Amino acid sequence: SQTIHQWPATLVQPVGSPLSLECTVEGTSNPNLYWYRQAAGRGLQLLFYSVGIGQISSEVPQNLSASRPQDRQFILSSKKLLLSDSGFYLCAWSPPGRRYQPQHFGDGTRLSIL
Amino acid sequence: DAKTTQPNSMESNEEEPVHLPCNHSTISGTDYIHWYRQLPSQGPEYVIHGLTSNVNNRMASLAIAEDRKSSTLILHRATLRDAAVYYCILRGPLYNTDKLIFGTGTRLQVFP
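If you read the sequences in order, they're chains H and L.
Our numbering puts the first residue of the first sequence at 113, with every later residue one more than the last.
Our numbering puts the first residue of the second sequence at 350, with every later residue one more than the last.
Treat the hints as calculated values from the structure; they're not laboratory data.
If you're wondering where the values come from, they're calculated on a predicted model, not measured in any experiment.
Think of the CB as a built atom: it goes at the ideal place given N, C-alpha and C, for glycine as much as any other residue.
A couple of the hints might just be wrong.
As the list claims (entries may be wrong) - Calculated lysine to any residue pairs in the SDA-like style (CA-CA distance at most 25 angstroms, straight line):
(1) L:352 to L:447
(2) L:352 to H:155
(3) L:448 to H:121
(4) L:448 to H:182
Unchecked claim - Selected chain L positions facing chain H (Cβ under 8 angstroms, derived; list incomplete):
(5) 378
(6) 381
(7) 383
(8) 392
(9) 394
(10) 398
(11) 402
(12) 426
(13) 447
(14) 451
(15) 456
(16) 459
(17) 460
(18) 461
Okay, chain H solo, but in the shape it has when bound (with noise of 0.2 angstroms):
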C-alpha cells in the first residue's frame, strides 16, 4: 500500500532563517505531489504541485519555492521566512495520470516563525 511521509511534524524558526520540509511517498510510481498550507482556522492554499521529476508548477507568488528531484520526493524551501509563512504544511500525493482523483495527505508540519 502507499504511504506518504511527511517531517518535521513541528518546527519552530526565526524570521529570516531558511526552511527546508520534505515529504516522500512510497508504494507508487511517478505520483503527482502537492504542497498546501492550511493557515489557523481557514482552508486549503495550493502552493505547488507536480506531475513529475523537475516539474513544477506554483499557484500563488511567494517566498517559497519547491524542488522535486526524485520521482517520490518533494521539497519546500525558503531562503529567508518571513512571518506570514507560519501555518500548517501540507504535502499530498494522487495517483498519477488521471486527474481529480482523490488526494492523500502526509500528517503535515506546524511551522511557527519567532
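Dock chain L against chain H, hints included.
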C-alpha cells in the same frame, strides 16, 4: 467554482448512524462529489467519492440524489474517532487546476 453548502455542525452519539448532508445545486454533469475529513491537528483524509451511483467503502457510504443536486455521507456507526470536520467538494474538468478547495465543512461531534 461550484459551491457546496453544508451545515456548520452536527452531533451524534457513539454507535449511532450519522447522515451528513451536502447541497450542490449548480453541479455539472461531469463533476465528481468528493468527501474529505480533517481530525484535529491532522492533515485531511480522503473518505469517499462518486459521480452518479451510490458508493460504499470501508469508511462510509455516499448517497447521491437522482438529480445530483445533493448528496449525503453516511457513517454507519459513529465512533469517537469520527469526530472531525467533514468537507464536501466538487471536482471536475470545469476547474482548471487539480487543487482541493475546502469550504467551511461540517464539524461533527460524537458523544460517548
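Here's how the hints hold up against the structure:
no.: 1; hint: L:352 to L:447; verdict: 16 angstroms, holds
no.: 2; hint: L:352 to H:155; verdict: 14 angstroms, holds
no.: 3; hint: L:448 to H:121; verdict: 23 angstroms, holds
no.: 4; hint: L:448 to H:182; verdict: 22 angstroms, holds
no.: 5; hint: 378; verdict: 14 angstroms, violated
no.: 6; hint: 381; verdict: 6 angstroms, holds
no.: 7; hint: 383; verdict: 7 angstroms, holds
no.: 8; hint: 392; verdict: 3 angstroms, holds
no.: 9; hint: 394; verdict: 7 angstroms, holds
no.: 10; hint: 398; verdict: 6 angstroms, holds
no.: 11; hint: 402; verdict: 17 angstroms, violated
no.: 12; hint: 426; verdict: 23 angstroms, violated
no.: 13; hint: 447; verdict: 5 angstroms, holds
no.: 14; hint: 451; verdict: 4 angstroms, holds
no.: 15; hint: 456; verdict: 12 angstroms, violated
no.: 16; hint: 459; verdict: 21 angstroms, violated
no.: 17; hint: 460; verdict: 23 angstroms, violated
no.: 18; hint: 461; verdict: 26 angstroms, violated
The structure shown violates the earlier hints numbered 5, 11, 12, 15, 16, 17, 18.
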